[in-house]
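Engineer: Taken in sequence, the protein lines are chains A, B, C and D. Here the numbering used here is used: position 175 in the first sequence is 196, and no number is missing along the way. Here the numbering used here is used: position 120 in the second sequence is 141, and no number is missing along the way. Here the numbering used here is used: position 171 in the third sequence is 192, and no number is missing along the way. Here the numbering used here is used: position 147 in the fourth sequence is 168, and no number is missing along the way.
Check the hints yourself; a few may be wrong.
Intra- or inter-copy, both count: the list cannot distinguish identical chains.
Below, a list of computed lysine to any residue pairs in the SDA-like style, where the Cα atoms sit at most 20 Å apart [as the list claims (entries may be wrong)]:
1. K274 <-> S197
2. K90 <-> I287
3. K276 <-> M253
4. K276 <-> S197
5. K302 <-> S85
6. K286 <-> E189
7. K26 <-> L192
8. K27 <-> D108
9. K90 <-> Q140
10. K302 <-> Y229
11. K274 <-> D196
12. K227 <-> P73
13. K141 <-> A213
14. K274 <-> S85
15. K111 <-> E136
16. K274 <-> Q327
17. K302 <-> Q81
18. K274 <-> T326
19. K26 <-> W138
20. K250 <-> D95
21. K111 <-> P157
22. K250 <-> M67
23. K274 <-> M253
24. K276 <-> D196
25. K163 <-> E133
26. K163 <-> L354
27. K302 <-> L79
Hints listed in this document are in silico derivations from the structure and should not be mistaken for laboratory results.
4 protein chains.
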Amino acid sequence: MNNHKKYNIAIVGASGFTGSELARLLCRHPQVDIRHITSESHEGRMFSDLHPQFMGILDQTLESSQVIKKADLDIIFLALPHGISMDFVKTLEDHPAKIIDLSGDFRLKSPEVYEAWYQKQHVFPEGFEKAVYGLPELHSEKIREGDLVANPGCYPTASILSLAPLLEKDLIDADSIIIDAKSGLTGAGIKASETTHFSNVSENFKAYGLGAHRHTVEIEEQLGLLNRKAAMVQFTPHLLPVDRGILATAYAKPKEAMDKNKLEKIYEDFYADKPFVRIRKSAPGIKDVRGSHYCDVFPFWDDRTQRIISISAIDNLLKGAASQAVHNMNLMLGLEEQTGLEQIPLRP
Amino acid sequence: MNNHKKYNIAIVGASGFTGSELARLLCRHPQVDIRHITSESHEGRMFSDLHPQFMGILDQTLESSQVIKKADLDIIFLALPHGISMDFVKTLEDHPAKIIDLSGDFRLKSPEVYEAWYQKQHVFPEGFEKAVYGLPELHSEKIREGDLVANPGCYPTASILSLAPLLEKDLIDADSIIIDAKSGLTGAGIKASETTHFSNVSENFKAYGLGAHRHTVEIEEQLGLLNRKAAMVQFTPHLLPVDRGILATAYAKPKEAMDKNKLEKIYEDFYADKPFVRIRKSAPGIKDVRGSHYCDVFPFWDDRTQRIISISAIDNLLKGAASQAVHNMNLMLGLEEQTGLEQIPLRP
Amino acid sequence: MNNHKKYNIAIVGASGFTGSELARLLCRHPQVDIRHITSESHEGRMFSDLHPQFMGILDQTLESSQVIKKADLDIIFLALPHGISMDFVKTLEDHPAKIIDLSGDFRLKSPEVYEAWYQKQHVFPEGFEKAVYGLPELHSEKIREGDLVANPGCYPTASILSLAPLLEKDLIDADSIIIDAKSGLTGAGIKASETTHFSNVSENFKAYGLGAHRHTVEIEEQLGLLNRKAAMVQFTPHLLPVDRGILATAYAKPKEAMDKNKLEKIYEDFYADKPFVRIRKSAPGIKDVRGSHYCDVFPFWDDRTQRIISISAIDNLLKGAASQAVHNMNLMLGLEEQTGLEQIPLRP
Amino acid sequence: MNNHKKYNIAIVGASGFTGSELARLLCRHPQVDIRHITSESHEGRMFSDLHPQFMGILDQTLESSQVIKKADLDIIFLALPHGISMDFVKTLEDHPAKIIDLSGDFRLKSPEVYEAWYQKQHVFPEGFEKAVYGLPELHSEKIREGDLVANPGCYPTASILSLAPLLEKDLIDADSIIIDAKSGLTGAGIKASETTHFSNVSENFKAYGLGAHRHTVEIEEQLGLLNRKAAMVQFTPHLLPVDRGILATAYAKPKEAMDKNKLEKIYEDFYADKPFVRIRKSAPGIKDVRGSHYCDVFPFWDDRTQRIISISAIDNLLKGAASQAVHNMNLMLGLEEQTGLEQIPLRP
């Protein structure tokens with residue numbers, strides 16, 4: 022293996038948090054050259070003008086996404102809003118590069134389901150056939166072969182990793198699943214709005230999207246794949262007054278006798294060779310994984326209520342978006358899966 | 022009715038958040054004179070030395086709690102830690118004043134249950150017979166007659182008010198109840214500890230006390246009283262990086278057919294003449310009630326999953342402690358129940 | 022004195038923080054009826070739709086400001102942006118009500134100075150002659166007589182109160198004054214923008230408006246009036262990751278010999294009969310005054326450097342805006358100056 | 022040069038924030054092996070038990086510091102409290118390893134000055150002769166030769182870098198210097214106390230240590246060395262409600278004519294070959310450098326007041342402590358100075 026080979030990548034859509042986190046990881050990745058960073062709205066400006074933390078580090082000029090179509094690239098990262106992203110994927114149909122799409126446009130199993138939950142017609146239904154769901158802990162083989170990888174949503178990443186060991190062994194009643202999830206504000210994006218106004222977030226906490234959040238169906242589909250049954254998940258997201266982090270508290274009823282040791286062993290076995298999932302012995306905080314690619318999971322057996330509680334914590338911008346995309350890239354390029362993902366959580 | 026009569030009250034235990042919030046409300050209450058504020062550890066210092074926000078407003082000298090025993094008082098507020106409080110209640114057995122105990126020592130139905138959940142022997146089991154659970158929306162008649170009122174816990178206040186309309190009509194399967202609750206840091210008290218260190222709280226979020234929090238049994242007992250059946254509640258508290266506020270997200274399965282209109286009507290009817298419970302049409306945030314005695318409740322019917330989600334928000338230091346105690350006092354003294362509780366939520 | 026007379030007031034411009042704080046104070050003020058609340062952009066909606074904390078408390082319908090012109094009112098509060106406010110004041114030229122303008126449009130001594138610092142032509146220069154600068158601690162006599170009171174800026178309130186005792190006695194070299202000020206985010210207003218986005222504020226801190234902030238000249242003018250000399254002030258505002266509060270750290274060189282006792286006496290004497298300025302013995306925090314009308318001032322003498330440091334803390338939305346306006350109203354109506362302003366700081 | 026040589030290092034005192042940040046940097050440093058991590062109070066426990074973010078990354082067992090004395094080491098980092106550190110340095114007098122002391126014990130020019138400001142007798146006055154002040158931008162030559170490097174304080178790092186270009190050219194009146202500094206809470210350490218209690222920090226802001234903070238003399242000494250004159254600095258620290266970051270706003274009067282271009286050129290020239298100081302064109306925020314070794318400096322000329330304002334931002338735990346220590350280590354070992362310090366600021 023040639024350790025020093027450099028691959029050419031591009032980041033399409035650099036104005037948001039996901040774009041800037043991709044850039045942060047990729048400009049320190051030892052086997053990557055960032056050839057293009059694009060932004061329609063900021064074309065011609067420096068990347069570090071938009072994101073001043075990059076001053077002197079990544080002063081690259083932002084280009085129009087038009088340059089991508091003819092560019093010699095190995096991997097194209099799309100950090101575009103859903104709806105916009107499918108358009109762009111369509112235009113890249115004959116591009117030789119592999120695509121990692123960080124939007125929601127190709128995560129679901131069919132255009133019909135997409136249209137039902139996203140209330141939008143899909144412009145590139147052909148994409149669903151080749152799209153691979155990019156959760157490396159579950160689908161690494163398919164990801165390695167994939168040409169179009171749909172990077173999972175942030176809530177689904179935390180939720181699925183929290184429950185996968187149970188579903189895979191078909192140990193719980195799928196209709197008993199309740200996921201009470203809490204996300205930092207960056208999940209709402211970089212756009213200024215009433216939702217993102219400091220005074221609506223700071224010292225505040227509230228639920229949103231009750232019964233209707235699009236990530237619900239993404240979680241249900243992926244959990245259903247694991248035990249080959251339909252799952253009906255109650256998913257309730259809340260907005261935390263922090264920048265980063267998702268904590269998902271999942272509840273489920275076991276189908277058969279359970280105890281603490283059995284539960285822990287199920288999780289430890291399932292994630293035995295997954296370097297970025299850490300099975301905790303006590304409840305994790307979101308700060309334990311901030312700035313890192315880790316997903317910390319704490320499976321808990323409540324003997325009094327005979328219920329399983331599984332708590333998972335991730336950094337929504339990293340394991341829930343940018344670092345997961347880099348992980349997928351590593352698999353797609355045949356690199357060591359941990360390359361460029363060694364960041365230790367920043368705490369405090 | 023004599024509007025201008027002043028009642029003599031005392032606050033026992035003034036160093037903590039609950040004591041300081043009681044003082045804030047009571048020193049502006051039009052029918053109360055604060056005769057004594059006590060603190061064993063700070064005896065002789067000024068109240069405003071401990072709590073500088075009171076400088077020039079309440080510069081009263083802190084006394085030993087010994088003064089209480091002989092004092093001419095109408096109401097005694099105990100803002101003491103559980104375990105300590107029952108000792109003090111015992112010494113006041115023959116005191117003519119009525120007592121409002123803000124600790125957990127007399128909230129449960131028996132010393133046996135207390136000892137099982139608090140892991141501590143109870144020194145005054147006789148107290149359980151006369152103690153009244155001081156949730157005015159449910160027990161106002163008993164509170165008016167009570168000599169010893171056990172002020173409810175903060176989580177139970179939010180949780181019980183969130184679900185009471187359903188239990189009272191026996192509409193839900195009591196074993197299906199899951200309460201995923203989140204509290205601001207002041208719930209952990211004023212004592213400096215690893216838990217209350219800024220760097221462990223800020224930008225962080227985590228669950229604690231899984232399956233074992235003492236408020237679980239308090240919730241179960243009170244919910245059980247409403248439909249005369251045992252309830253088994255899954256209660257999971259989490260720590261929010263904010264000072265004040267509890268948000269409780271409660272999930273339950275209905276026993277019979279339900280819909281949005283029916284659900285809303287149940288709540289509106291139940292709280293029709295309760296001035297401090299507001300039925301919301303959308304999810305409340307904790308900042309909507311901060312600094313006030315309100316409990317905002319949003320009942321939501323998820324038709325897809327056939328599940329009820331009821332979300333409630335309170336200020337843990339007020340409706341969850343100090344203002345609830347003042348509400349109880351108003352009832353016990355035969356005053357208008359809203360007296361001194363008109364604070365409008367402080368937002369932002 | 023007739024304690025029970027009610028005065029008619031209107032709040033023009035209710036969508037922002039200042040409007041909502043005015044409403045919070047005035048709807049609990051014992052001698053006021055809120056007759057109209059206006060908002061051009063939200064006409065016809067309920068006030069509590071905009072500000073959900075008021076649900077069930079102030080559900081008044083928002084009207085167009087056109088209603089004001091013919092309304093029978095004693096006091097009109099203008100909570101409009103500068104530039105817009107002067108237009109409205111002009112249309113009220115013949116209205117019998119007294120006006121309290123919370124914008125910056127009539128705070129300075131002349132239209133020329135206004136135009137130089139606000140880069141905008143003034144449409145109602147006649148207003149400057151009758152406008153009174155509404156800082157009650159300095160100008161109570163003029164305010165009582167005033168028909169148009171210009172409510173001070175938030176930074177000027179903290180800065181002027183911090184230094185007034187020194188200037189009034191001409192004790193410091195006016196060109197040595199440096200005010201390093203820090204404000205909570207609500208100072209930036211309710212409008213969603215890059216500045217107010219949670220992720221730009223939380224865990225961040227930065228200076229802005231260096232050498233050019235409009236409050237500079239307001240401070241200079243008012244300090245200059247006190248010793249009848251021109252003052253040249255170095256004023257640097259910074260943005261704090263909190264909702265409320267201003268802390269101003271002011272530095273000055275004394276003209277003559279100074280010591281700790283002398284300095285403290287100057288401040289205590291100057292504010293002896295001012296109920297809302299508290300002279301502290303140690304450095305105040307902004308949380309010591311949050312939600313209240315207090316200004317806490319700590320004058321400190323550094324013998325080593327022979328410099329005075331005066332630190333002041335206010336709630337920018339209250340003493341720096343809404344409660345100061347109510348204070349002015351009380352004076353203009355001949356009421357007790359403390360009426361409706363007894364809120365104790367909310368801490369924690 | 023042998024790129025792959027590994028040096029043996031030890032971290033003494035691992036329970037605090039500085040120790041944990043040193044570990045975070047050093048366990049990813051390509052030319053270092055962490056041979057020992059010590060903690061007297063937690064001997065025998067795993068490092069990741071204390072700091073859960075390190076689970077699976079650095080599970081090394083904590084040892085007693087006694088092991089250090091005989092260990093084969095190239096560099097010993099001391100992350101001990103001042104007062105304790107000098108004792109340990111004394112016991113290492115004959116140890117062949119080089120020492121980087123992160124406490125304040127050897128930063129000043131003499132034991133006499135130390136005793137005056139730290140109110141403590143120094144137990145190892147001989148150390149002052151060989152100690153080198155470890156600010157790489159000013160003293161890289163001496164650091165390379167040093168056996169005992171005193172790592173600078175956090176406030177001094179930000180303050181000195183902010184003003185050094187002016188002092189080195191003797192352009193300002195040293196007695197006119199006022200440094201109004203603001204620090205995140207981690208500067209107060211990991212110990213639970215009233216100061217570090219969340220509710221005293223969150224939504225709060227206050228000054229402390231007026232006229233008496235020990236970092237004052239450290240700043241004065243280092244600035245004085247640059248122009249060979251005594252400096253008298255007014256230094257006022259404040260506590261920010263954030264974890265990390267220092268922003269220092271420094272004011273000074275120039276001795277001679279100044280303008281914007283001249284000022285900027287002075288700074289750009291002075292820091293031309295210093296990779297970790299970035300001269301900004303606008304005011305930096307602390308989040309622009311969070312989690313990184315950068316110091317961002319913005320020199321501003323106020324033509325109206327004829328005063329220079331220089332604003333600097335650092336991460337107090339990194340450039341103000343741990344990463345500065347690693348920078349010093351790189352120089353002492355003859356490595357590339359940027360090795361292991363390439364972290365891009367974590368924003369948001």
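Engineer: Evaluate each hint against the coordinates.
Structural biologist: Structure-based check of all given hints:
1. When the C-alpha separation of K274 and S197 is checked against a cutoff of 20 Å, the pair qualifies both within a copy, at 6 Å, and between copies, at 10 Å.
2. Taking the closest pair of Cα atoms, K90 and I287 never come within 20 Å of each other, the shortest separation being 46 Å inside a single copy and 45 Å across copies.
3. Within a single copy, K276 and M253 get their C-alpha atoms as close as 16 Å, and across copies as close as 19 Å, so both meet the 20 Å cut-off.
4. In the homo-oligomer, the alpha carbons of K276 and S197 lie at most 20 Å apart both inside one protomer (10 Å) and across protomers (16 Å), since each shortest distance falls under that limit.
5. Proximity of K302 and S85 under a CA criterion of 20 Å is satisfied in neither setting, with 48 Å inside one chain copy and 26 Å between copies.
6. Within a single copy, K286 and E189 get their C-alpha atoms as close as 14 Å, which meets the 20 Å cut-off; across copies the closest is 42 Å, which misses it.
7. In this assembly of identical chains, the alpha carbons of K26 and L192 never lie at most 20 Å apart, being 45 Å within a copy and 51 Å across copies at closest.
8. Taking CA atoms no more than 20 Å apart as the test, K27 paired with D108 passes in neither setting, with 29 Å inside one copy and 51 Å between copies.
9. Taking CA atoms no more than 20 Å apart as the test, K90 paired with Q140 passes in neither setting, with 29 Å inside one copy and 47 Å between copies.
10. In this homomeric assembly, K302 and Y229 come within 20 Å of each other (Cα to Cα) only across copies, at 12 Å, whereas the closest approach inside a single copy is 30 Å.
11. Proximity of K274 and D196 under a CA criterion of 20 Å is satisfied in both settings, with 9 Å inside one chain copy and 12 Å between copies.
12. Taking identical chains as interchangeable, the C-alpha atoms of K227 and P73 lie at most 20 Å apart only when they sit on different chains, with a minimum of 13 Å there against 31 Å within one chain.
13. For a Cα distance limit of 20 Å, the shortest separation of K141 from A213 qualifies neither inside one copy, at 23 Å, nor across copies, at 27 Å.
14. Taking the closest pair of Cα atoms, K274 and S85 never come within 20 Å of each other, the shortest separation being 51 Å inside a single copy and 47 Å across copies.
15. Only within a single protomer do K111 and E136 lie at most 20 Å apart by alpha-carbon distance; the minimum there is 17 Å, versus 55 Å between protomers.
16. With identical chains, the CA atoms of K274 and Q327 are at most 20 Å apart both within one copy (7 Å) and between copies (17 Å).
17. Taking the shortest alpha-carbon separations for K302 and Q81, only the inter-copy value of 18 Å comes in at or below 20 Å, while the best intra-copy value is 44 Å.
18. In the homo-oligomer, the alpha carbons of K274 and T326 lie at most 20 Å apart both inside one protomer (9 Å) and across protomers (16 Å), since each shortest distance falls under that limit.
19. With identical chains, the CA atoms of K26 and W138 are never at most 20 Å apart, being 42 Å at best within one copy and 56 Å at best between copies.
20. In this assembly of identical chains, K250 and D95 lie within 20 Å of each other by CA distance neither inside one copy nor across copies; the values are 37 Å within and 60 Å between.
21. In the homo-oligomer, the alpha carbons of K111 and P157 never lie at most 20 Å apart, since the shortest distance is 24 Å inside one protomer and 52 Å across protomers.
22. When the C-alpha separation of K250 and M67 is checked against a cutoff of 20 Å, the pair qualifies neither within a copy, at 49 Å, nor between copies, at 43 Å.
23. For the identical chains of this complex, K274 and M253 are neighbours both inside a copy (13 Å) and across copies (14 Å), given an alpha-carbon limit of 20 Å.
24. For a Cα distance limit of 20 Å, the shortest separation of K276 from D196 qualifies both inside one copy, at 11 Å, and across copies, at 16 Å.
25. For the homomeric pair K163 and E133, neither the shortest alpha-carbon distance inside one copy (23 Å) nor that between copies (58 Å) is at most 20 Å.
26. In this assembly of identical chains, K163 and L354 lie within 20 Å of each other by CA distance solely inside one copy; the values are 13 Å within and 46 Å between copies.
27. Taking the shortest Cα distances, K302 and L79 sit within 20 Å of each other only across copies (17 Å), while inside one copy they are farther apart (40 Å).
Of the hints listed earlier, those the structure fails to meet are numbers 2, 5, 7, 8, 9, 13, 14, 19, 20, 21, 22 and 25, in rising order.
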